[in-house]
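Chemist: One letter stands for each residue in the lines below.
2 protein chains.
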Amino acid sequence: MNIPSSNLPRLVIIGGGFAGVALAKKLVKEDFQIVLLDRNNYHTFQPLLYQVSISGLEPDSIAYPLRKIIKKGKNTYFRMAEVNNIDPNNQKVTTSIGDIYYDYLVIATGAKTNFFGNEVIENNAMRMKNLPQALNLRSLILENLEEAVRTEDEQKRKELLTFVIAGAGPTGVELSGGIAELRNHVLPRDFPDMDFSAMEIHLIEGSDRVLPPMSENASKKSTKFLEKLGVNIHLNTLVKDYSQHTVSTNTGLTLQTATFIWAAGVTGAPVDGLQADSFVAKTNRYQVNEINQVAGYNNIFAIGDIALMANETYPKGHPMVAQPAIQQGKHLAKNLKRHLKGKDMLPFEYFDKGTMATIGRNKAVVDLGKLRFAGFFAWFVWMFIHLWFLVGFRNRLVTFFNWSYNYINFDKAARLIVRPFKGSNDVIEKV
Amino acid sequence: MNIPSSNLPRLVIIGGGFAGVALAKKLVKEDFQIVLLDRNNYHTFQPLLYQVSISGLEPDSIAYPLRKIIKKGKNTYFRMAEVNNIDPNNQKVTTSIGDIYYDYLVIATGAKTNFFGNEVIENNAMRMKNLPQALNLRSLILENLEEAVRTEDEQKRKELLTFVIAGAGPTGVELSGGIAELRNHVLPRDFPDMDFSAMEIHLIEGSDRVLPPMSENASKKSTKFLEKLGVNIHLNTLVKDYSQHTVSTNTGLTLQTATFIWAAGVTGAPVDGLQADSFVAKTNRYQVNEINQVAGYNNIFAIGDIALMANETYPKGHPMVAQPAIQQGKHLAKNLKRHLKGKDMLPFEYFDKGTMATIGRNKAVVDLGKLRFAGFFAWFVWMFIHLWFLVGFRNRLVTFFNWSYNYINFDKAARLIVRPFKGSNDVIEKV
Chain S
1 MNIPSSNLPR LVIIGGGFAG VALAKKLVKE DFQIVLLDRN NYHTFQPLLY
51 QVSISGLEPD SIAYPLRKII KKGKNTYFRM AEVNNIDPNN QKVTTSIGDI
101 YYDYLVIATG AKTNFFGNEV IENNAMRMKN LPQALNLRSL ILENLEEAVR
151 TEDEQKRKEL LTFVIAGAGP TGVELSGGIA ELRNHVLPRD FPDMDFSAME
201 IHLIEGSDRV LPPMSENASK KSTKFLEKLG VNIHLNTLVK DYSQHTVSTN
251 TGLTLQTATF IWAAGVTGAP VDGLQADSFV AKTNRYQVNE INQVAGYNNI
301 FAIGDIALMA NETYPKGHPM VAQPAIQQGK HLAKNLKRHL KGKDMLPFEY
351 FDKGTMATIG RNKAVVDLGK LRFAGFFAWF VWMFIHLWFL VGFRNRLVTF
401 FNWSYNYINF DKAARLIVRP FKGSNDVIEK V
Chain A
1 MNIPSSNLPR LVIIGGGFAG VALAKKLVKE DFQIVLLDRN NYHTFQPLLY
51 QVSISGLEPD SIAYPLRKII KKGKNTYFRM AEVNNIDPNN QKVTTSIGDI
101 YYDYLVIATG AKTNFFGNEV IENNAMRMKN LPQALNLRSL ILENLEEAVR
151 TEDEQKRKEL LTFVIAGAGP TGVELSGGIA ELRNHVLPRD FPDMDFSAME
201 IHLIEGSDRV LPPMSENASK KSTKFLEKLG VNIHLNTLVK DYSQHTVSTN
251 TGLTLQTATF IWAAGVTGAP VDGLQADSFV AKTNRYQVNE INQVAGYNNI
301 FAIGDIALMA NETYPKGHPM VAQPAIQQGK HLAKNLKRHL KGKDMLPFEY
351 FDKGTMATIG RNKAVVDLGK LRFAGFFAWF VWMFIHLWFL VGFRNRLVTF
401 FNWSYNYINF DKAARLIVRP FKGSNDVIEK V
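Residue numbers (UniProt numbering), protein chains in the order written: chain S, 1 to 431; chain A, 1 to 431.
If you are wondering where the hints come from, they were derived from the structure by calculation, not from laboratory data.
Since this is a predicted model, take the numbers as computed values, not measurements.
Don't be surprised by glycine CBs; every beta carbon is placed ideally from N, CA and C.
Hints should not be assumed to be uniformly reliable.
Partial selection, computed: residues in chain S whose CB lies under 10 Å from chain A [claimed, not checked]:
1. Pro4
2. Ser61
3. Lys74
4. Leu131
5. Leu135
6. Arg189
7. Asp193
8. Phe393
9. Asn402
10. Arg415
11. Val418
Construct all of the structure, not just a fragment, from the sequences and the given hints.
Modeler: Spelled out as structure tokens, the structure:
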């Protein structure tokens, strides 16, 4: 892949998500030759993917060119590549564009949607873990509405106007709230000849409350917000099947729907090649020690969603969200700098900055340690934090402008079917 | 397609481009039942498509939901549909979503790329007449650069870094200037490990000057601008073939390139079904009289690129650009209102507002009647006019912001491969 040889130790980073980018940014000026690999040429700000799906933001606002992120490094190389295999004995990574040797390897491949082995659901449900998937969902929602307004078959229209989301974590809550707001404010103006009282949004959750990772207070408040927006919540309910446009659950509930979104879990996205015991099969994550070293290897590290660092506070590892990934990336950068100077590496400590989710206009919930609040102020904090963490001045300003516009006009401006999803047989969607 | 019957005469408009939209907007509050059909749910601002291809603008900035444009009409219906056939005897249009009867029909289907019967070029060249095509071109340019930086084959790299554009009309000039600016300002920072002196841009034109529809002065100035940017111009040259990554011309020129863009002509995009003599085979446009009536029919009109209205000033019809389309749409609206009141329709007169093209930063040419100017002021006028004509406040502001950002930073921020083009076998691209 045409990387020049150098006297510097070579550090290969697989994945340009939150963890990989945080690491690379801190090391570009250090004495490493850095090779960053990603299947895309951009970093995705995943917490706002749902905004793309509900036509609130343009895809380019939440993506940022990876080359631009690392351009300050003299010995830093980006290569767009799919990684197929790691060969730890020869310190080699095999990719879609050739092999590359490493001195140090960092695996930051993140997570993918978890279907818990249900192939029927995997083949039929929409998912939303990357930009093409989020765009496919946007297209499908809009295409189904176009079909609903023109069909003369009442049963079919009902199906097209029913939206079912499995999983009431932040993604499920934000999506169902967003779709409800489309119905309440945007769509009736767009489709004056359609009766939107027939449109239904169902949110299905296996546990006994929405937003299970958050506080009881956040669950209660977000339930109230969702109900106010008209979302039907089904708790203690597991989706068993989705075929022939019918969702069925373990509680006997059946829902006819043309849009079924699976947001009920994630699992690690590891790379083949490492020894079996470096790896926790149940969650597909690499077992790492307190300095993010993968079990069994000295020069292979894993950070972010793909790393499982079990300790007393987090016996099952850290939550698979942005903050632990960013913090691990930064921490590993510090440790690798120490290592260059012959110093010992320091253990990682996670600083929990809190959790938040937005349900809609003026409606969000925030848990900051013991501080828990909801409503307009929480929503404001949510917006501020997300703008702050977006990469790049341009993306921040465009997003800020779009949100202001949408807020003032009760609108979602990006409702465009640029690539139809139906019948497109899009292979990208399955990744 | 579920359009309610009404006492109002039904006006079916095929196509939501400049002409169809100008017409529909002026008639939404009149005593017609309007049905607007388009294969997309958005209007495309075609003059800025090239900015999407060179990563200067996001696709959503130059597209606008058609439903939003017509939402003020009580008797106005939008349906997303592909139109297959017109049956004038039964006053019926056949579409992908069923048949519809009309009292009045307006054909505003615009133009498509003209390959002059060369199937090899049609199968292999990139084109840029709609948003998915513009996005495909953006992806291909960026994918080729990614491949160029990693290949170790010098010959292959040369091919990947060579960009050939056929046709030096506004599209070809704007594209080649835009790609040259990417090379001069943006790419060297993105790819510090690549030598961009090897990157070549060739613009091939059949006539003896660039921008043949504009003044001699504009041609001279734009030639100077293009040469300053480092574009190789080949005049009096016709592309004969493009296969196995080789462009060959009637002058014996051969160029190895992985990116060949065909911008050498457009032709009408008519609908099947009308009698043969309503139609000028050479240009695929409908023959219309001075009130835009299609030859041989009383209640069928054609406006915009698809209409050929020959008169003394324009013996071959009006230029196939935005202004005649907008003016014909507005004029036909006026005439249809007169018709409702039993008044005679008035002949269309085209008011030539001038022509302009931008080559790059501070570089544009403008012909306004006898007033001809070039350089910074022309570029400023070009920007102002294009912002003015963009549909929607949000699109104007986002575009303005992106342009300002790009100008200040010598940047093009949207360089993202959201949908890879290579190997995607994208059928949309061929439309």
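Chemist: At a threshold of 10 Å, is the proposed contact between Arg415 of chain S and chain A supported by beta-carbon distances?
Modeler: It holds, given that the least Cβ distance between Arg415 of chain S and chain A is near 5 Å, below 10 Å.
Chemist: Let's test the interface hint: is any C-beta of chain A closer than 10 Å to that of Phe393 of chain S?
Modeler: Holds, about 8 Å.
Chemist: Regarding the hint that Arg189 of chain S lies at the interface with chain A, is the smallest CB-CB distance below 10 Å?
Modeler: 5 Å, holds
Chemist: Does Leu131 of chain S pass the interface hint, meaning its C-beta sits closer than 10 Å to a C-beta of chain A?
Modeler: Cβ of Leu131 of chain S sits 6 Å from chain A, so the hint holds.
Chemist: Any CB of chain A closer than 10 Å to the CB of Lys74 of chain S?
Modeler: Where the cut-off is 10 Å and the nearest Cβ of chain A is about 8 Å from Lys74 of chain S, the hint holds.
Chemist: Once the shortest beta carbon distance from Pro4 of chain S to chain A is found, is it less than 10 Å?
Modeler: Holds. Min distance 8 Å.
Chemist: So, as I understand it, the hint says Asn402 of chain S touches chain A; can you test that by seeing if any CB pair is closer than 10 Å?
Modeler: With a closest approach of 7 Å, the Asn402 of chain S hint holds.
Chemist: Does Asp193 of chain S pass the interface hint, meaning its C-beta sits closer than 10 Å to a C-beta of chain A?
Modeler: Status holds, d = 6 Å.
Chemist: Is the hint on Ser61 of chain S kept, meaning its closest Cβ partner in chain A is under 10 Å away?
Modeler: 8 Å, holds
Chemist: Quick check on the hint: Leu135 of chain S CB to chain A CB, less than 10 Å?
Modeler: 7 Å, holds
Chemist: For the hint on Val418 of chain S, just tell me whether its beta-carbon gets within less than 10 Å of chain A.
Modeler: 6 Å, holds
Hint check: no violations occur; every hint is consistent with the structure.
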